[in-house]
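Asks: Using the hints, position chains B, C and D against chain A.
4 protein chains.
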Amino acid sequence: MPGPAIAPSELRRRYRAVRAVTETLCAPLLTEDYQTQAAAEASPPKWHIAHVTWFFETFLLKPHHPDYRAGFPGFEVLFNSYYESIGKFHPRNQRGHLARPSVEDVYRYRRTVDAAMEELFDLLEQQPDAGICGFIELGLHHEQQHQELLCMDIKANFAVNPLKPAYRHDLPRRTVESTRPMRWVELGEGLHEIGHVRGSGFAFDNESPRHRVWLDRYRVADRLVTNGEYLAFIESGAYTQAAHWLSDGWAHIRRHDWQHPLYWERDGQGGWLEMTLGGWRPLDPHAPVCHVSYYEAEAYARWAGQRLPTEAELEVVLAQQPLQGNTFEQGFLHPMPAGPEGQWHGDLWTWTGSAYLPYPGFRPLEGSAGEYNGKFMCNQMVLRGGCCATSLDHLRASYRNFFYPHDRWAFTGIRLAGNC
Amino acid sequence: MPGPAIAPSELRRRYRAVRAVTETLCAPLLTEDYQTQAAAEASPPKWHIAHVTWFFETFLLKPHHPDYRAGFPGFEVLFNSYYESIGKFHPRNQRGHLARPSVEDVYRYRRTVDAAMEELFDLLEQQPDAGICGFIELGLHHEQQHQELLCMDIKANFAVNPLKPAYRHDLPRRTVESTRPMRWVELGEGLHEIGHVRGSGFAFDNESPRHRVWLDRYRVADRLVTNGEYLAFIESGAYTQAAHWLSDGWAHIRRHDWQHPLYWERDGQGGWLEMTLGGWRPLDPHAPVCHVSYYEAEAYARWAGQRLPTEAELEVVLAQQPLQGNTFEQGFLHPMPAGPEGQWHGDLWTWTGSAYLPYPGFRPLEGSAGEYNGKFMCNQMVLRGGCCATSLDHLRASYRNFFYPHDRWAFTGIRLAGNC
Amino acid sequence: MPGPAIAPSELRRRYRAVRAVTETLCAPLLTEDYQTQAAAEASPPKWHIAHVTWFFETFLLKPHHPDYRAGFPGFEVLFNSYYESIGKFHPRNQRGHLARPSVEDVYRYRRTVDAAMEELFDLLEQQPDAGICGFIELGLHHEQQHQELLCMDIKANFAVNPLKPAYRHDLPRRTVESTRPMRWVELGEGLHEIGHVRGSGFAFDNESPRHRVWLDRYRVADRLVTNGEYLAFIESGAYTQAAHWLSDGWAHIRRHDWQHPLYWERDGQGGWLEMTLGGWRPLDPHAPVCHVSYYEAEAYARWAGQRLPTEAELEVVLAQQPLQGNTFEQGFLHPMPAGPEGQWHGDLWTWTGSAYLPYPGFRPLEGSAGEYNGKFMCNQMVLRGGCCATSLDHLRASYRNFFYPHDRWAFTGIRLAGNC
Amino acid sequence: MPGPAIAPSELRRRYRAVRAVTETLCAPLLTEDYQTQAAAEASPPKWHIAHVTWFFETFLLKPHHPDYRAGFPGFEVLFNSYYESIGKFHPRNQRGHLARPSVEDVYRYRRTVDAAMEELFDLLEQQPDAGICGFIELGLHHEQQHQELLCMDIKANFAVNPLKPAYRHDLPRRTVESTRPMRWVELGEGLHEIGHVRGSGFAFDNESPRHRVWLDRYRVADRLVTNGEYLAFIESGAYTQAAHWLSDGWAHIRRHDWQHPLYWERDGQGGWLEMTLGGWRPLDPHAPVCHVSYYEAEAYARWAGQRLPTEAELEVVLAQQPLQGNTFEQGFLHPMPAGPEGQWHGDLWTWTGSAYLPYPGFRPLEGSAGEYNGKFMCNQMVLRGGCCATSLDHLRASYRNFFYPHDRWAFTGIRLAGNC
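Protein chains in written order, with UniProt numbering: chain A, 1 to 420; chain B, 1 to 420; chain C, 1 to 420; chain D, 1 to 420.
What the hints contain is simulated information worked out from the structure, not anything from laboratory work. Note that the Cβ used here is the ideal one computed from N, Cα and C, for glycine as well. Possibly wrong hints are sitting among the right ones.
Residues on chain A that point at chain D, a partial pick, calculated with CB under 10 Å [as the list claims (entries may be wrong)]:
no.: 1; residue: V21
no.: 2; residue: T31
no.: 3; residue: A39
no.: 4; residue: Y68
no.: 5; residue: A70
no.: 6; residue: P73
no.: 7; residue: F75
no.: 8; residue: L78
no.: 9; residue: S81
no.: 10; residue: G96
no.: 11; residue: S102
no.: 12; residue: K164
no.: 13; residue: L187
Straight-line alpha carbon distances no greater than 30 Å define the calculated DSSO-like cross-link-like pairs of lysine-lysine that follow [what the hints assert, rightly or not]:
no.: 14; chain 1: D; residue 1: K62; chain 2: D; residue 2: K88
no.: 15; chain 1: B; residue 1: K62; chain 2: B; residue 2: K88
no.: 16; chain 1: A; residue 1: K62; chain 2: D; residue 2: K88
no.: 17; chain 1: C; residue 1: K62; chain 2: B; residue 2: K164
no.: 18; chain 1: C; residue 1: K164; chain 2: B; residue 2: K88
no.: 19; chain 1: C; residue 1: K62; chain 2: C; residue 2: K88
no.: 20; chain 1: A; residue 1: K88; chain 2: D; residue 2: K164
no.: 21; chain 1: C; residue 1: K164; chain 2: B; residue 2: K62
no.: 22; chain 1: A; residue 1: K88; chain 2: A; residue 2: K62
no.: 23; chain 1: C; residue 1: K164; chain 2: B; residue 2: K164
no.: 24; chain 1: A; residue 1: K164; chain 2: D; residue 2: K62
no.: 25; chain 1: A; residue 1: K164; chain 2: D; residue 2: K88
The shape of chain A in the complex, shown without the other chains:
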């Protein structure tokens, strides 16, 4: 769902900037780090940087660059993620089995595609084409999504390593003396509009059409639930008491013996450590609890006598807040304690109580890009608000992220809501 036409020259600038961010993000990696896939859902960094390149090659260069000749045989299969209409693709959970192409070859692939994209920009400057520009914009947002996935997947790979390596040792942090109190923002009942405002900038197809929803009076917490608050939940014995849990959630935590969020580990002295992109750190009680599943978020909210917001409730509130927060640009790459102004955008994707389903009148993009979002509208829950690994110019109030209820390797957190 492209926004208003962007001048090709501006788009070229953004192309260069976004592509550069990806490479900066990978700069601290060793070749071995690029190659590793420690969990079925986490792809090797090498795969990510090839796949986002494949996206430009497949959706822009092949159809729209008059002279482009694909020069990397097999890549169309290896780096297709899940586009059935494009052709076959390598099984997701076996991406780490592919030693070749080498990291060097993948960077060569990037440079080749980048060069051809520059040529395409030349052409577009001579003969602008809103459709092509819209697709380039989609490709950039796609790459920004994969920048976030890179952060998640790098973390997953580093976390399983008994040597406890860190992705970066120089990540900054923000600390506070005490937890900022949580306050409620209340909203009156009424007919609201949610979804992407046509013509107002970029959005994915799943954010449209904008449509009316009725909301009863409700309230939403102005910051995320903290580690300290979540610890009280753990220490109350919640992970051993069925009463707090959805039936599927209870079955899941017992089958997998979950007793705390992902990436927590006891420090052997009564405290806890938490894996971050900066390595293992003592758990900060004032910072938001992170890497929880929907099951845990929902159980926590119930235990706390509250509930999770719906996606409509949250979008309405987020749309009223300035678009700023602890996003990728801040450089923390980890959620930070709320400041006096509360927490809205950034820090952590907030689980909502809404299933990921099509909006009324939803129509997927034409062609293969229609597989981008629509076919996943089942079995997943919506998350809102962006996180510390989301670029600010990739974020907006109508953004719908989605994961399975048991997923927790993303930067996910909890925001409480309630009726009033």
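Replies: Then chains B, C and D, alone, in the frame of chain A:
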């Protein structure tokens, strides 16, 4: 969510009637049939008739009958379905492993509980108690749900048997010469109310509170999709083409090699047979397609250029239709071709495009009964409308049934909807 | 491998006797008990009594009875166990899913086949045929194997039931004051012959040909390892110490969280209960430990500083002992404490350290019966000596039983051996 | 089971030589290749080269080098393969998840250990110690085993890659015009000795003690079964006919849909390609069939009217043949067509019909090294003869290799045997 107080004498009459239906339903079964569990999700009939009895014993007799003494040691565990707050329960997929108690013992259990319930009714007639009466009503609707499960599970057990036995050989059927054309019922946009109207009769807790929803203009088909129409979908090659399917659905049908609805089998002469409670029959092209998953319903609708209705859309339409149709009382125990008046209630539970989630302001029942519905509000989809195995006095427009997207052993069907 | 020709009249007598034993064994069962399959490897009793009948129908009546007409359609598939050359068969782990044919129909099947077998005996008395008689003898030994399986499988079904029912409440037992000391029988080195002595009576094909083996000096314990001795192994912490176990065994006991033999349960007062066909009983420290896997037997022997005998070593010793012991005829249906004379035949099948492989020059039976034993000669270990559920006239020193190293629902025990 | 004392200076020479071979073997690998684990049973090359180093560090330096200080924290867990008595170890199927230590760090580890080993050799030259020297010899043979595993695992990693890369493009090959006819070597019955001759050179503990076995007259083929011969088996429909297979084998090939040996692929023109360390090559009908499981070897032999040799039968023949053949030194790294002299040592490990069990009187090595071989003596089959990736000075007639019946990523082949 009990309805308005029912006189104990009337409740006693209904108790006797509902309990008798269960036993009539089981009358054609051999002892071996009672004992069998051919699928993890289908319980042995013996278990069902004990469990519904356990429900009255646990929620009525133990707390409210002054002299009741439980005389069947171990049954509190064996026949507890999933109430964590009551205590332990036998694993669902191992219910068929329990040769004992015998069928005879289970009927003795039923008679013992029935006798004590008669005493409780005596007490209630002397000293009415709306709370207790409400729970009895819940118990009766619970038993009616299990009557429907009995039909489903008996069918599942008979279907796997290579000897092709029938539950009953004398089931009636209705045949037509041609498929009644499908017509659309159109509804204008507006703010609607859905959910149970407080005080209007029985409903489960998950149907409350009644609340407002905004609906855009939409239309709903006035009958279900037929076998003939679904065959065209199959014959178009749809089960081999990813484009029609949700991603999870495509993965599921490939993993399980699904090529047609459950209980269909080629007849060896180019046609199809369908398993029914009356045994294997030639597929009737004019009758509704049955035993499809959500994945198949959703894919069919997309293939047909339409979509599934949301639960709100469907409730609004159903509430406008007379409460009648091919329900349990008709005795077909199978969906029948639509008559001139179309098809609304009964025949088959219709998959909606809505996830099973709490209504705004939902509160589960107090105590253990709170586990009845609320804890299942994740990963499942809502179905509406009742089926040929649902008793009419158990049915209402606000009824929310729910199954996992891959489930198809229930009496499930497809109704198309669209925007207009 | 039939023995010397048996007169048809004698064979008829044995046929009647063996068939009667099967039915006597089933007499205490309820219809529900006949129907149940509580473990994938344990068949429902109904299936057993039909299958042994199918064996006579398939291998004797169909090929050799001139007028026999199969009157039970579908049974040729349902009750074929694993004979690929005969045709399709129902999956083993789904035998309990078949409510039909009813127990009554299966007994009708038995009576029909028995009547036809009587006619075949009439013919054989007129015109003896050693080949046919040999196959009948095979069918009788086959049925005796299934009598033992019935005991095992009935026990498995009863054992999972929380109501703790017993197959029979009137089973006798033998008790002693103290454990008889274990003594060693020593044998000198030399070239021995093992295997079935041609012409000496019935044996299965896998016991032939008789052949020479070289044995070094060795010794074998003259009784089985007791519960008391095995308890010392448990109490030493053996189930938590990798050092005692084969690698596959250690992986297996950890994956399945084994901490004691199958059918043991703590009694809540520091002692143990043991499931028997007579119900749950306090563990008798003087009786042989039962229902152990090869992994446990091997680990115990190593822990005790000994080893298991090879099958050749054990056959040589068994062949020197009188063919008597605690067999099916004794009526205990459970291993009993050794008497002053020690324990050789009966009580429990003894795990040997020998893999189940073909003897040098082994040739399976001709035709479908060749699938009886030969195709299982991989991944299993040999057991020797018969058990409390083996009929004496079905037992011999050369008998090779076999199970997977992790199996323990058979009547299996431990006999120590060593070098000297 | 060390051989006669080797002079420390000679041992130092061999140490340097064996260690150098490992590094030469890895020279063609990219960093990405070192890191990859494409199958649970195949370890990443990085892990192998660290593990063999860990072996020297753990069993030689830590106990016997007076000043050695372990400088690589965590390596004692990461690179312990399966020694429970040493301590914890990283799960085998997750070795590829460990991006760190880097390849460079692992080589640094190697150099550190090599330097300390040189110091240990200095000490040994001053004060020889047969026990320590024996352990060094064990470590060298251990490393040679891992050289063979490196060849197997590198092949497994390369084979799954759709880009079809080759480990080396310059591997030599030997071709012939026609298949050399197979001839039988016959041996008379008698009492033979097998196992390691004490004092005759190095052997693993599982090859002792040397002991007597009786063998009947038998014959063994003087070359391996070829691809062409195996193709006839395939083309006869053998993979679809149960009659040829062991029961477990038939279940396995159907579950995994095996239709040909591992690493075969149709070339799209009616022929076959075969993956080799030199890349994908057209299948050579005259070369030995490779990468077959025991199930396939056993089925082929039965189909061909023959059988597999027992390990005793094969050892007796191998011991009569000169110790030469297509081994690692030849540089083919693939089995080659038999020459006029037949094929005995090298080319492919030959499946025998013998289960991997302890020899009579077997005693594992003392201490942790006792876990080297003994605990795997269950569920596996013995293979004999070495292969094209086995160093000649690591090979001997008494060598017992072992794999599970379904394994086929090793260099395994088929040699026929029979009775006469």
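Asks: Of all the hints given earlier, name the ones this structure violates by number, lowest first.
Replies: 1, 4, 5, 9, 13, 16, 23
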